[in-house]
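**Q** So you can see what is in the structure, the chains are spelled out below.
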Amino acid sequence: MSTDATSRTSMLRTLLHRPYFWGLIAIALLLAVNSLKDPSYLAIGYNANTGSLVGNVIDILRAAAPIAMISVGMCLVIATAGIDLSVGSLMAVAGAVSMELLASAGGSAGAALAALGLALLLGAVLGAVNAVLISVVGLQPFISTLVMMLAGRGLAKVITGGQNTAASNETFRWIANGYVLGLPVVFLLAVLIVIAVGLLVRRSALGLMIEAIGMDPRAARLAGVNRRGLLFAVYIASGALAAVAGIFASASVMTVDVSNTGYQLEMDAILAVVIGGTSLAGGKFNITGAAIGALLIATLDKTVVFLGISSSATPAFKAIVIIALCLLQSQRVRDLFRARRAKTAPVTSDAPKEAVAA
Amino acid sequence: MNPTRRTILGASAAGLVAAALAACSSGAEGGGAGSGDPVTIGFVAVGPEGAWRQANEQNIQDTFTEDAGYTLKYAPATNLDQKSQIDAFTSFIDEGVDLILLSATEGSGWEESLGRAQEAEIPVILIDRGIEPDDTELYATRLAPDNVAVSTSVAEWAKSTFPDGAKYFVLEGPAGVSVVNERNEGWAQAMEGESAFTDLGSQTANWSTEEAKSVFETVLKSNGNDVQLVFAQNDEMGLGAAQAVQEAGLTPGEDVKIATIDGTQAALEALSEGTLSFVAEYNPLFGEQALEAVGTVLEGGEVEPYIQIESTTFDSPEAADEALPDRKY
Amino acid sequence: MSAPPIVEMKGISISFPGVKALDRVDFRLFPGEVHALMGENGAGKSTLIKALTGVYTIDEGEVRIDGTPRRLGGTADAQAAGVSTVYQEVNLCTNISIGENVMLGHETRGPLGINWRDTHRRASEVLEKVGLGELDPRLPLSTLSIALQQLVAISRATVTDSTVLILDEPTSSLDANEVENLFTVIRSLRDEGVAILFVSHFLDQVYAISDRMTVLRNGTFQGEFMTADIDQATLIATMVGKEMKALDSLERASSRREVDRSGAPVYRAEGLGRKGSLEPTDITLHAGEVLGIAGLLGSGRTELARLVYGADKPEEGTVRLEDAEAQIASPSQALAARIAYASENRRDEGIIRDLSVRENLILAVQAKRGWARPIPAQEKNALVEKYMNALNVRPADPDRPISNLSGGNQQKVLLGRWLATRPDVLILDEPTRGIDIGAKTEIMEEVIALADEGVAVVFISSELDEVVRLSDRVMVLKDRRKLTELLAGDSLTSDTIIATIAEESAPEDPGSLEPAGTGASS
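Residue numbers (the numbering used here), protein chains in the order written: chain A, 1 to 358; chain B, 1 to 329; chain C, 1 to 522.
Read the hints as simulated data drawn from the structure, not as lab findings.
Accuracy of the hints is not assured; some may be wrong.
[Claimed, not checked] Straight-line distance between alpha carbons at most 25 Å, and here's what the computed DSS-like set of lysine-lysine pairs gives:
hint, chain 1, residue 1, chain 2, residue 2
1, B, 83, A, 157
2, C, 20, C, 10
3, C, 275, C, 313
4, A, 284, C, 368
5, C, 482, C, 313
6, B, 167, A, 37
7, B, 167, A, 157
8, C, 10, C, 275
9, C, 368, C, 380
10, C, 368, C, 386
11, C, 10, A, 284
12, C, 313, C, 386
13, B, 83, B, 73
14, A, 318, A, 37
Please work from the sequences and hints to get the whole structure.
**A** Put into structure tokens, the structure is as follows:
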């Protein structure tokens, strides 16, 4: 066996042990099914007019961006053994405040920047309110963020006066619809933000601290870990990332729909986090996994439309894919599979043994 | 409410009829009980959902004023949740309001609540949204534009615009909602047997511009841009589809014609610019008719189980320009 | 013994990733005997017990129960075979009643479902056997002290009519009276023919109760002995495989050192107290001194430590650090003031199970630095290596989850965690509880070494011998207040401490003990 091949198998094996491995497999399968329907599904073209790459995969990347934002925030929150149900509503708030501002401030780049800043600030502030409710008042995360989920959508309606507000601003629109180097800006931004958050938590000691309070708050406290400060950090991060997602979503159509923007996206975010291999019980977390989970959910949404699955069957289809994935991730089910395969195909040499392990 | 109180109320209403007529120009026929003892009406509403709903509910609130002799209790649903509506409905019964206006977020599951209102002898008038199954015994009347008729008018326009047929796609509201079923029904009936038209399918975009854009961008790709007609069941989704068409490098109104229902200001502006090709109004402004029906019901008079609200259609930029200056929503 | 063994395990091997936990171990247990399983932490005692109770699957070897080969696929299999276990950490449901805990799964059933009256009556009978007859079985379990919960757990095991009863460290949270009580129960069960497997780190107890012992070391079988035939020195030598000179050399270590108490104390608190946990207490700590805290369970020794560290916020009292007034209201403030505290509750307040040894070790240092200033990788490795070597942590793999380590090694990692913060004051609350003699000695040696380096060490232990051996000064607590402080010297022995504690209650009429007093000692 050549060294190249060995290193490749060992790489494959490392990948296999990644919690998001099955998420990647599911994405590949969905893409394969779509390709069966239309062999040119994966083809990517180039639109010289807009300087952009065109294709279904590009659409998926664009659709995944807002989900990835809230999933990354949710991932950090879940790692502290919490949950943030308010992300969908905060998306609407961010969209509402930026659309209202742009509708009155006009189409300048400055207005776009102001809208961005204001939306991010508001997201962070509302995230901080969550943190206060949880770490200072001592409410359960589920309750606190449920309150914020209801209050947030109410706030969005107050901001727009209950209307769906539209605005026009080319700079703001560019965020969700523009292209750089042929790739959607929104996707590039999402990747940058995921990498930035990932580096921040793993290069600093933030990740370890978050895991410590998620796994064992009492022991972490006695070890001098400042739980309150960390909870503020993660809920503010989650709020700000939800604001980014809200900006992405509203910039896409330059309209905020106070009832529908971000509606029930907290569920998508939670699913993405779980698919990415982070336990809802808190502790060990995986940012890359959450981003891949978001990508899978976007792929799934797009597949449903591409295959033309009827609206009423859509929820069931999505549920089946996600249940299948969760089953594959479950250690118990995998052990069962392994045991059966080991029984049916007795190990005779090293090579099949690897296959069994795979 | 007990029968005795109703009689008293009827008598006092009769005595004050002249005053009420003088006080309000709308001519609430005996429904208003005058400023001293206004009639209490509970409005179980949908709440913020879109421009159409906003116009409709504002119109109702502007009609049933104190001046007209009414106290209107407005109870919008939390996040379009039916349970919050049922809770509001029940508390209106417990309070003993004189009449309940109901715009149900979901058609099914109202039998028990409506039955309770009936036991309490509180009449219920449905505004816009119907109930399923449609048991007319359970409510006094329903006021609504006819969804079936409105979507039929879209289909008729499509047939005349594409005499040689076209490939079309339908953007629906959330699956299972009665409006969606009715708009599908009108469209399907009119399109039945039209062999020149090819149905490319339908998909929900949950009334949302953003989702409609995302859904239709994929629909265009899966059909190689070979789509000539989009029937969007509300304006917001139509506007989203138009953006997807533009992103794909096509021209809405030329390569892909988009027809929508509702007739909001934003949609008429888009029609005026040519990005939408047809807008069927689903008239939200029927406060006057509602006022009339409420008066009749409270007096014990008979009303038709269904009062259809007339709607118009706009099929050209010119028609849109004409209507835009007066557009209230 | 002529009767055939009730349990016979032959050639048992169990491997975990990277570790051979048991390597061809033999074990047998006869009816009507108390059999002690001996060995250091990590010797394989827990693994062997879990193999017998069906928690772990055996890789190689054979288990026979009552002569029949058994495949134990789970705890239910073991229970069906008549094997009951009471684990080291009490495994009961604190939110249901005592009676329900005792009878769980064995409730009396009538035509209308469970007959609670009869169930509780039977629970009372069972509790009677362990000397808890007067307890009301309807009270929630949470109203009982940990010690009493342990006895409830044991009584629960007798409900199932077990032929084999495994007691894993049953005495670690019991006081002398309760231990005697338990031994009476064990003896009566033994006389009824039950085979009892007893695991304890208290050698005296092992000698008092067991008839036979099996010794393990590093996952291998070292031998089976009749208790009467093996003396303590030989037993310890068999267990640790090295000469236990360390314990002896420790004996006089403290009295050899001279503590300079003339300078400003590192830490001094006056009237430190908190309602319901500790009456206002003065405590002074000097650099290079080991202050022992002696007192019974519930005397306030842990409470005092927690107040000093800020784990519980003091309600009154003033604190001075080297003559500068200070406020310590939280662990992070304490760490910033170079005070460290190793909790007695290693499982819930010490280790973080799912983190690696490395992460557990550096956690406090990192928390002290704040998240924004991560320890550079090189420094981190050096730190981990330094303390793992110094404290002889086994296995020496820092990337293993800490939950894979034995209790003694976990404790060493925790000690390393606190040492790495370079504290001026180090409070060790029961650092030697539930760990083997080898690790115990290593930890006590470390304590002396630290004091020699100038650290002020507070050493809390219910083992009075350990306190006497290590301390330069001993603070005696009782009923949540300080009785006295005693200086080390030839006159300070565990007997003098016991006498001090006993004397305090002597003036009072034993019949008129305050309720608070009885509550605290239970």
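**Q** Each hint: holds or not?
**A** The hints, checked one at a time:
Proposed proximity of residue 83/B and residue 157/A is supported: the alpha carbons are some 20 Å apart, at most 25 Å. Restraint check: the Cα-Cα separation between residue 20/C and residue 10/C comes to about 16 Å, which is no more than 25 Å; the hinted pair holds. In summary, the hint linking residue 275/C to residue 313/C is supported, as the alpha carbons are separated by about 11 Å, within the 25 Å threshold. Pair hint residue 284/A plus residue 368/C holds up; C-alpha atoms about 21 Å apart against a cutoff of 25 Å.
For a cut-off of 25 Å, the pair hint linking residue 482/C to residue 313/C stands: about 19 Å separates their Cα positions. Under the criterion of a C-alpha separation no larger than 25 Å, the hint pairing residue 167/B with residue 37/A is consistent with the structure, at around 19 Å. Pair hint residue 167/B plus residue 157/A does not hold up; C-alpha atoms about 38 Å apart against a cutoff of 25 Å. Restraint check: the Cα-Cα separation between residue 10/C and residue 275/C comes to about 56 Å, which exceeds 25 Å; the hinted pair is violated.
Annotation: proposed proximity of residue 368/C to residue 380/C holds, straight-line Cα distance about 14 Å (limit 25 Å). The straight-line distance between the Cα atoms of residue 368/C and residue 386/C is roughly 19 Å, inside the 25 Å bound, and the hint therefore holds. With a C-alpha separation of about 40 Å, the suggested pair residue 10/C and residue 284/A falls outside the 25 Å cut-off, and the hint is violated. Distance restraint check for residue 313/C and residue 386/C: the Cα-Cα separation of roughly 33 Å exceeds the 25 Å cut-off, and the hinted pair is therefore not satisfied.
Between residue 83/B and residue 73/B the CA atoms are separated by roughly 18 Å; this keeps the pair inside 25 Å, and the hint holds. Between the alpha carbons of residue 318/A and residue 37/A the distance comes to roughly 18 Å, so the proposed pair stays at or under 25 Å and holds.
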